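The task is simple: from the sequences and hints, build the whole structure.
So the sequence shown is numbered by numbering that gives the first Met the number 0: it starts at 0 and just counts up by one.
The set of hints was computed from the structure by calculation and includes no laboratory data.
Small disclaimer: the values here were computed from a predicted structure and weren't measured.
Heads up, a few of these hints could be off.
DEER-style ranges, computed between Cβ atoms [stated by the list, open to error]:
#1 R182 / D133: 27 to 33 Å
#2 G265 / G131: 32 to 38 Å
#3 R110 / T86: 33 to 39 Å
#4 V30 / R134: 37 to 43 Å
#5 D245 / S147: 34 to 40 Å
#6 S111 / T197: 22 to 28 Å
#7 G266 / D245: 29 to 35 Å
Here a beta-carbon is modelled for each residue, glycine too, at the ideal position from N, C-alpha and C.
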Amino acid sequence: MRKLRAALLACVAALVAWQPAEGRGQEAGPVAVLVRVIDTSAWSPPSPDPTDVAYARAIRKLVVVDGEVEETSLFQGANAFRARPNTGALQGAFDLTGITREPAGVAVPGRSRRTLYVSDDNADRIFIIRAGPDRRWGTEDDRVRSISTRAFGSADPEGLGFGLRSLFVADGSATEIFRIRRRGAFDGPPPDGDDVVTSFDTAGLGLSEPEGVDLDPASGHLFIVSRREKVIVEVTLRGRPVARYDVSASGIEEPSGLAVARAEDGGLLLYVSDRGVDNNEDPAENDGRIFVFSVAPTPG
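See the structure below:
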């Protein structure tokens, strides 16, 4: 069975990597090569509906949140997870339900081992979680505060990204990517705070329900995924399109979040969470996955 699965993944990777030229003399478009598929459904405890994924550079771990698991019989006291980025092996799980039962997005500052940003699309807030002396998230000594996303016009905060002293928020309903630039600590826009918030629309990019966003700090480009379209779009900070990667041949079903990491060879690895079948349609579903794609960096 393992050999058959490996062979199938190899075939899918070839299909994703292959893109025909539009015509004689024209170059093929940018390529996203499928590297591996991580079955979050096979973790113990499992993540049947991974809603977002972040790469924590300081600890070299993936951080995954699941906004639906507590509604299922699979819930084992954890709605957030840590995993190895190279193998997908689960390294630990923790519970954020005391803070949010609907973690829609997650981001980790590049140099931080303690700070975690989590969005909640029911409360319309971004929670800023600072691990306490035990250095573990989801325990009683965490320090937690939050900012309202409605204060800057976001009523459906989904995926999060972090970089350049900014938080990036994908709003699925508004088809917007918001950038929150802090001047000190994140405290929201005026009059309650002094954060500067800007945004751009994703509908013109062909993304009708953006749910995942992250920043490549080297190029300064954003990568965005939408729940409805099986593509990854690379844009500038102002939303100008740079590249478009078709990943429909990979077998991904419901893209829900995205994380960017640098590979050892200097290329980019894009981790895209896939919720699969919604638990509202099938309460017993357990089909969460993370697709890992490799792309060549583009100049900033």
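Here is how each hint holds up against the structure:
1. Range check, R182 to D133: about 30 Å between beta-carbon atoms, so the 27 to 33 Å window is met.
2. Distance hint check for G265 and G131: the Cβ-Cβ separation is about 37 Å, which falls inside the suggested range of 32 to 38 Å.
3. About 24 Å separates the C-beta atoms of R110 and T86, a value inconsistent with the hinted range of 33 to 39 Å.
4. Checked against the hint of 37 to 43 Å, the C-beta distance between V30 and R134 comes to roughly 40 Å, which is consistent with it.
5. Here the CB-CB span from D245 to S147 is close to 36 Å, well matched to the stated 34 to 40 Å.
6. In this structure the supplied range 22 to 28 Å holds for S111 paired with T197, their Cβ-Cβ distance being about 24 Å.
7. Separated by about 18 Å at the C-beta atoms, G266 and D245 break the suggested range of 29 to 35 Å.
Hints 3, 7, counting from the list given before, are not met by this structure.
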